Amino acid sequence: MQGPYVFINDRPQLYPQLKLSLSLSPHAQTKFDTLNQHIRNTVVLPGQLVIIGDSRTASCTAEEARLMLSARNVKHDLMAHSAADQSLIKNYDLLQAIMAHTSIGIGAASSAWSKHLAAIEKTLMEIEDLHKQYLRKGTMGARDEFLVKRRALFAKLEIQLSGMARFGAGLKNEGSIKKMLGISTKSYWHHGEIRKYEETVKRIAKASQMLKKGTYIGIALDVGVTALEITEACSTGREQECTRAKFVEGGKLVLGVGGAAYGGYAGMGFGVAVCAAVFAIPTAGVSALGCAIVGGAVGGLAVGTLGSHTGEQIGTLLYEVSGSGQ
Amino acid sequence: MTSEFIGIVSGVVMLLSFPLNFYVIYTRLEEAEDYLKFSTFVVTFKYRFGVGPLGGKLKRLFAIALVILMPRIFQWRYLVLVEDVKRIPKSLKLWIVVPYLLTLSSMAGMALSWFLTN
Numbered sequence: 016m017q018g019p020y021v022f023i024n025d026r027p028q029l030y031p032q033l034k035l036s037l038s039l040s041p042h043a044q045t046k047f048d049t050l051n052q053h054i055r056n057t058v059v060l061p062g063q064l065v066i067i068g069d070s071r072t073a074s075c076t077a078e079e080a081r082l083m084l085s086a087r088n089v090k091h092d093l094m095a096h097s098a099a100d101q102s103l104i105k106n107y108d109l110l111q112a113i114m115a116h117t118s119i120g121i122g123a124a125s126s127a128w129s130k131h132l133a134a135i136e137k138t139l140m141e142i143e144d145l146h147k148q149y150l151r152k153g154t155m156g157a158r159d160e161f162l163v164k165r166r167a168l169f170a171k172l173e174i175q176l177s178g179m180a181r182f183g184a185g186l187k188n189e190g191s192i193k194k195m196l197g198i199s200t201k202s203y204w205h206h207g208e209i210r211k212y213e214e215t216v217k218r219i220a221k222a223s224q225m226l227k228k229g230t231y232i233g234i235a236l237d238v239g240v241t242a243l244e245i246t247e248a249c250s251t252g253r254e255q256e257c258t259r260a261k262f263v264e265g266g267k268l269v270l271g272v273g274g275a276a277y278g279g280y281a282g283m284g285f286g287v288a289v290c291a292a293v294f295a296i297p298t299a300g301v302s303a304l305g306c307a308i309v310g311g312a313v314g315g316l317a318v319g320t321l322g323s324h325t326g327e328q329i330g331t332l333l334y335e336v337s338g339s340g341q
Numbered sequence: 092m093t094s095e096f097i098g099i100v101s102g103v104v105m106l107l108s109f110p111l112n113f114y115v116i117y118t119r120l121e122e123a124e125d126y127l128k129f130s131t132f133v134v135t136f137k138y139r140f141g142v143g144p145l146g147g148k149l150k151r152l153f154a155i156a157l158v159i160l161m162p163r164i165f166q167w168r169y170l171v172l173v174e175d176v177k178r179i180p181k182s183l184k185l186w187i188v189v190p191y192l193l194t195l196s197s198m199a200g201m202a203l204s205w206f207l208t209n
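Top to bottom, those sequences are chains A and B. Just so you know, our numbering puts 294 at position 279 of the first sequence, and the rest follows in order with no gaps. Just so you know, our numbering puts 124 at position 33 of the second sequence, and the rest follows in order with no gaps.
Please keep in mind that the hints were generated in silico from the structure rather than gathered at the bench. Here the structure is a predicted model, which means the values were calculated and not measured. Glycine is no exception: its CB is placed at the ideal position from the N, C-alpha and C atoms. Check the hints yourself; a few may be wrong.
Dumping the calculated PhoX-like pairs for lysine-lysine here, alpha-carbon to alpha-carbon at most 25 Å [said to hold, decoys possible]:
id	chain 1	residue 1	chain 2	residue 2
1	B	K128	A	K164
2	B	K128	B	K177
3	A	K164	B	K177
4	A	K147	B	K177
In silico contact screen, one side only, chain B against chain A (beta carbon under 10 Å); selected entries [said to hold, decoys possible]:
id	residue
5	S94
6	E95
7	G102
8	M105
9	Y114
10	Y117
11	Y126
12	T131
13	K137
14	F140
15	K150
16	L152
17	L170
18	W186
19	S204
Here chain B is said to cover these stretches of chain A; the calculated rule only asks that three of the stretch's residues, wherever they fall, bring their Cβ under 8 Å from a Cβ of chain B [as the list claims (entries may be wrong)]:
id	region
20	135-145
21	281-288
Could you build the full structure based on these sequences and the hints that come with them?
Okay, here's the thing in structure tokens:
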């Protein structure tokens, strides 16, 4: 092989194990250690770049130095944002798809993802056509034929969707980035692609971090505000105000957070249903994801606000009933 | 006073609906989904959005309740067959629909209280 090459590690493995699997010559092994300082003597995580040096020379070339820098950057992003729970690795495709469709990033996975979505969409269209035909005819003979065909199409859909669950929403994924990227572990990448991969990992790592923390930040803020309100009331030295704040702010917190969760989930289902039933948008497509996000956000915000308002009323009532206000 | 009363009742209903919803998603949801395993809406929703806290079951419950409540609209877009929905036993339908409606009514009550207050 001419020139240095890079591939993406697809599963957690020990460095010596990885090195052994490459069957390098003794000469190349020394250079391999030098080039792969970023993973040397550690557990190599999925997603990390592995560099195979230029076998024509023992010294490091400028190109290899560039690759080392890329590999270090990728490692940094993977470690900084997602090493502990591997959420980035597991959700690589979903994040990639979201970002690709919002024109932030493009990469190797998006075409595999789009192909997969297109296949699902095709099956959905076939099911829709079958439904149309059946509802038009409506005879008993047509019904039997419809039931048989429908079963077959749904068996196909089930396989495609479980593939999608692994591929995209991917929370059940065991972290095989090879499958997610749609490439072979040993398929070596061209240099332009590595640069792209490095940039994509960086952006995705940030997106993953933001998505992961979004909900928790919201709840943490709510809890924080509640604590502050109570502390402020209590620090004024008036016991009644302090007790009242505990009831009122506590009620606001419970129904605010609970209501936001309810509203978000109900809004998500409603959003997808409206898009699917009214605007005939395929439920597997990216547009449906948009509908779900919009529905979820609107529902969460609205019911969260309402819950907070009601929680305040209930808290006030409990405070009055408890007799603390006397 | 009326608005406050509506708000408080809605809040209490929402609080009561938490355990009811949890019970239903762990005991009845899968059974209901099985009856609608040939609905593209239910199936794709389960795979596409059935992730997250509690395995996305609350989302799935709300989605399937919508289908049971409005099967004809979903059939209009070829997402479900009304006859599949009719096959679901009445008691199971109630287990799915009642918690959903209870949740929705609590939200509606809160909204009404909000508008009356402001």
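Legend entry - Per-residue hint verdict: B/Y117, partner chain A, C-beta under 10 Å: Not OK, violated: B/Y117 not within 10 Å of chain A, min 16 Å.
Legend entry - Status of the hint placing B/S94 at chain A (closest C-beta pair under 10 Å): holds, 9 Å
Inset, instruction - Using Cβ atoms only, decide whether B/L152 comes closer than 10 Å to chain A, and label the hint accordingly. - result: holds, 8 Å
Inset, instruction - Classify the hint on B/K137 as holds or violated, based on whether any CB of chain A lies nearer than 10 Å to its CB. - result: Hint on B/K137: holds, closest Cβ of chain A at ~8 Å, below 10 Å.
Inset, instruction - Verify the proposed pairing of B/K128 with B/K177, using a straight-line Cα cut of 25 Å. - result: Measuring from Cα to Cα gives roughly 14 Å; hence the hint holds.
Inset, instruction - Report holds or violated for chain B covering the region 281-288 of chain A, Cβ cut-off 8 Å, minimum 3 residues. - result: holds (count 6)
Legend entry - When the least beta-carbon distance from B/F140 to chain A is tested against 10 Å, hint result: holds, 6 Å
Inset, instruction - Count the residues of the region 135-145 of chain A whose CB lies closer than 8 Å to any CB of chain B, then report whether that count reaches three. - result: Satisfied; 4 residues make the cut.
Inset, instruction - Would you check whether B/Y114 satisfies its interface hint, that is, whether its CB is within less than 10 Å of any CB in chain A? - result: violated, 16 Å
Legend entry - Per-residue hint verdict: B/M105, partner chain A, C-beta under 10 Å: holds, 7 Å
Inset, instruction - Under 10 Å, Cβ to Cβ, is where B/T131 needs to be relative to chain A, so tell me if that hint holds or is violated. - result: Because about 6 Å separates B/T131 from the closest Cβ in chain A, which is inside the 10 Å limit, the hint holds.
Legend entry - Restraint satisfaction for B/W186 [CB to CB of chain A, less than 10 Å]: violated, 17 Å
Checked against the numbered hints given earlier, the structure breaks hints 9, 10, 11, 18 and satisfies all the rest.
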